[in-house]
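Enquirer: Just so you know, the protein sequences line up as chains L and S, in that order.
Just so it is clear: in the first sequence, position 2 is 2 by the UniProt record's numbering, and no numbers are missing.
Just so it is clear: in the second sequence, position 334 is 334 by the UniProt record's numbering, and no numbers are missing.
Hints in this document: simulated from the structure, not taken from any laboratory.
In this text, a Cβ means the ideal position worked out from N, Cα and C, and glycines have one as well.
Among the hints, a few may not be true.
Restraint ranges, calculated between C-beta atoms of paired labels, are given here [what the hints assert, rightly or not]:
(1) Arg285(S) to Asn257(L): 36 to 44 Å
(2) Leu54(S) to Ser328(L): 18 to 26 Å
(3) Arg258(S) to Pro77(L): 41 to 49 Å
(4) Val80(S) to Pro77(L): 56 to 64 Å
(5) Thr81(S) to Thr26(L): 50 to 58 Å
(6) Gly379(S) to Asp360(L): 31 to 39 Å
(7) Asp266(S) to Arg258(L): 41 to 49 Å
(8) Ala305(L) to Leu131(S): 43 to 51 Å
(9) Gly264(S) to Tyr277(L): 31 to 39 Å
(10) Ser312(L) to Thr176(S): 54 to 62 Å
(11) Thr26(L) to Leu255(S): 23 to 31 Å
(12) Tyr277(L) to Gly38(S): 26 to 34 Å
(13) Gly252(L) to Ala262(S): 51 to 59 Å
Protein chains: 2
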Amino acid sequence: MKIEYPLDQFLKSVYRLVTMNTDLQTLRLDQGLVLDSGAVLAPLDIGYQTWGRLNNAKSNAILICHALTGDQFVASPNPVTGQAAWWDNLVGPGKNIDTHRYFVICSNVLGGCMGTSGPSSKNPDGQVYGLSFPVITIADMVRAQAALVDHLGIERLFSVIGGSMGGMQVLEWIATRPERVCAAMPIATAARHSAQNIAFHEVGRQAVMADPDWHGGNYLKVGAKPTKGLAVARMAAHITYLSDAALHRKFGRRLQNRDEVAFGFDADFQIESYLRYQGSRFVDRFDANSYLYITRAMDYFDLAAGYNGRLSEAFQAFKGRACVVSFSSDWHYPPADSRHITRAMIGAGVEVSAFEVETDKGHDAFLLDEPEFHDAMAGFLAASAADQGL
Amino acid sequence: MKIEYPLDQFLKSVYRLVTMNTDLQTLRLDQGLVLDSGAVLAPLDIGYQTWGRLNNAKSNAILICHALTGDQFVASPNPVTGQAAWWDNLVGPGKNIDTHRYFVICSNVLGGCMGTSGPSSKNPDGQVYGLSFPVITIADMVRAQAALVDHLGIERLFSVIGGSMGGMQVLEWIATRPERVCAAMPIATAARHSAQNIAFHEVGRQAVMADPDWHGGNYLKVGAKPTKGLAVARMAAHITYLSDAALHRKFGRRLQNRDEVAFGFDADFQIESYLRYQGSRFVDRFDANSYLYITRAMDYFDLAAGYNGRLSEAFQAFKGRACVVSFSSDWHYPPADSRHITRAMIGAGVEVSAFEVETDKGHDAFLLDEPEFHDAMAGFLAASAADQGL
Chain L
1 MKIEYPLDQF LKSVYRLVTM NTDLQTLRLD QGLVLDSGAV LAPLDIGYQT WGRLNNAKSN
61 AILICHALTG DQFVASPNPV TGQAAWWDNL VGPGKNIDTH RYFVICSNVL GGCMGTSGPS
121 SKNPDGQVYG LSFPVITIAD MVRAQAALVD HLGIERLFSV IGGSMGGMQV LEWIATRPER
181 VCAAMPIATA ARHSAQNIAF HEVGRQAVMA DPDWHGGNYL KVGAKPTKGL AVARMAAHIT
241 YLSDAALHRK FGRRLQNRDE VAFGFDADFQ IESYLRYQGS RFVDRFDANS YLYITRAMDY
301 FDLAAGYNGR LSEAFQAFKG RACVVSFSSD WHYPPADSRH ITRAMIGAGV EVSAFEVETD
361 KGHDAFLLDE PEFHDAMAGF LAASAADQGL
Chain S
1 MKIEYPLDQF LKSVYRLVTM NTDLQTLRLD QGLVLDSGAV LAPLDIGYQT WGRLNNAKSN
61 AILICHALTG DQFVASPNPV TGQAAWWDNL VGPGKNIDTH RYFVICSNVL GGCMGTSGPS
121 SKNPDGQVYG LSFPVITIAD MVRAQAALVD HLGIERLFSV IGGSMGGMQV LEWIATRPER
181 VCAAMPIATA ARHSAQNIAF HEVGRQAVMA DPDWHGGNYL KVGAKPTKGL AVARMAAHIT
241 YLSDAALHRK FGRRLQNRDE VAFGFDADFQ IESYLRYQGS RFVDRFDANS YLYITRAMDY
301 FDLAAGYNGR LSEAFQAFKG RACVVSFSSD WHYPPADSRH ITRAMIGAGV EVSAFEVETD
361 KGHDAFLLDE PEFHDAMAGF LAASAADQGL
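Here chain L stands alone, though its shape is the one from the complex (with noise of 0.2 Å):
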């Protein structure tokens, strides 16, 4: 039997078992790292991967950084949960961010629960850390991202990726190391997180929090799981994820496996159903203590504060391009917040393109097939390299 298959397809196969990477790599640092809490957290184990090669001028680094409850596998499957690859559709060979190009890293955030320190870790006496770990933040979780960077033997990131809270840390990474950074690319983010998403997060802790199968945060130690008060708070969560547009294209009143209303509490309507999966599923693949950290960690995010209150000295160091993108119907980091955020590099004197892509998905939309956005993050990093004689 004579198999057809194109060379190029074989060449990306082969590619592709040599360059990714899925066990589960990890980084430790004996002498761990000071918080801005003034917290020493030592050891600190950072969870990473890799995809690519890093050239020999070590000027082909992209990092990106995942959002709150995303984790390091980019570019493949998370062999712990079998999940997909989250940006799949943008990262790998051919794509736009090319593997055959660009050495490729992403490791989970500090206070995660796929490798890197956080809750759910032991402290150095063995003991599961639960609520004694150090509160963090997204200065934090760039300090444990450029202990990697170094280890990696890389001084300048060609480019820094991120959306949502991954955007957080792009700017984070661009204020606080301006030299390490060529061309930054921040997503459907803020430069400070709003009351409003201030009061989500609170709901998702409450509901965490109201779980007694939490604990006090010891339920690893007593072998519990506050699993339904996670749920809630996912729940709650995924609602400011997709615009009211595109709850009503993908649901809007359909009735779940059945005709009429069911004069009961079951999930009578699509919606619900949807929702109770979300939440169920994610309780299987996260830490409930990391969403408690993780969370704060984005609450307590305000650029500016660090700099007089002016988000423009913020970005005065840095000498990179940027581009901002937003979505024009995502409510939870609205296309306002992007422009405060260009507002605030034009005036650093920052070379920044900005745009708003138009799409009713909402803030999830930085995780989906958006053309526009993909071209033009495409034409950015091709302008980039160009820049950096890549």
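For this one, chain L is given, so just place chain S on it according to the hints.
Expert: The following block gives chain S in isolation, referenced to the frame of chain L:
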């Protein structure tokens, strides 16, 4: 000692004493009602209050319909909870809904917990209903109100007015009892509940039902109360009542009784503290199962569904006037929902005036001092009263 006291103030005080009944009034319907679900609920209690005097022609009655967590105490303090009248700024002697001039009726909705039969009431066997209480609809709430209006000997209501879920009842009144209403004022409402609103309600219900103190709805029998779950539900709902702009103006990122963030999970931000307060205050005055039943009734509301999907058919038989009010920053029941209602009324030949109040206060604006809204109500009632020779 001589006290200076203007005569009109004195007369108003006397009038208040005479006309404002603050005891809980209840009507018992022994025969009960047949509900949309087919269930028969008997006997049925209806808790209600009235203000002002019904004229001899019985032509000056205004029915006010309350919202999800409201009650019948629209114009005088609730003697049970001690809370102020919820529409004190609009209803009373000399106010826009003038109790000198009109006979004002407000009843607790079916499924509620302030005197009208609901899941915390006792069934004929003397047992608390809990989840054996039948699932109700907005139409069922209006059935109960119509029975009360019958009992009061009123054939035709001068006006039916309500905001939010109260507005749904107004729409149901003119659709199913068109000849019984002269002037209808649905405010900040919708003819059907959106997927996003169903989603928020479902989060609230799941939060209640996730609380082990809910005991499958039997908490009153076992002497518990799902206060934590209900508080989370209230917190999530409360976010939808305020606009992002209002939250920013009221709270922004201001800290609560501290100069710096505390690197912990206490309420660092004022918005957190405010939401926790709203949640905890709510559970003292509201029954968790009532919250489930009433949110369910709202989710089920889709007025056009009973009229071949054509909303204008629902208003075809209504020959009175209508005034449809929305608020520009209301994202719970956005102005588009009101425009949908207005278009359908125009299509049905209803004499309708409609307007969107420019405000940053969000959905809650219908309860607050909004001069444009209040003036419009005064004008609408005056014109309608002139129509009726009142």
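Enquirer: Of all the hints numbered above, which does this structure not satisfy? Sort the numbers upward.
Expert: Result: hints 2, 11 and 13 break, sorted rising.
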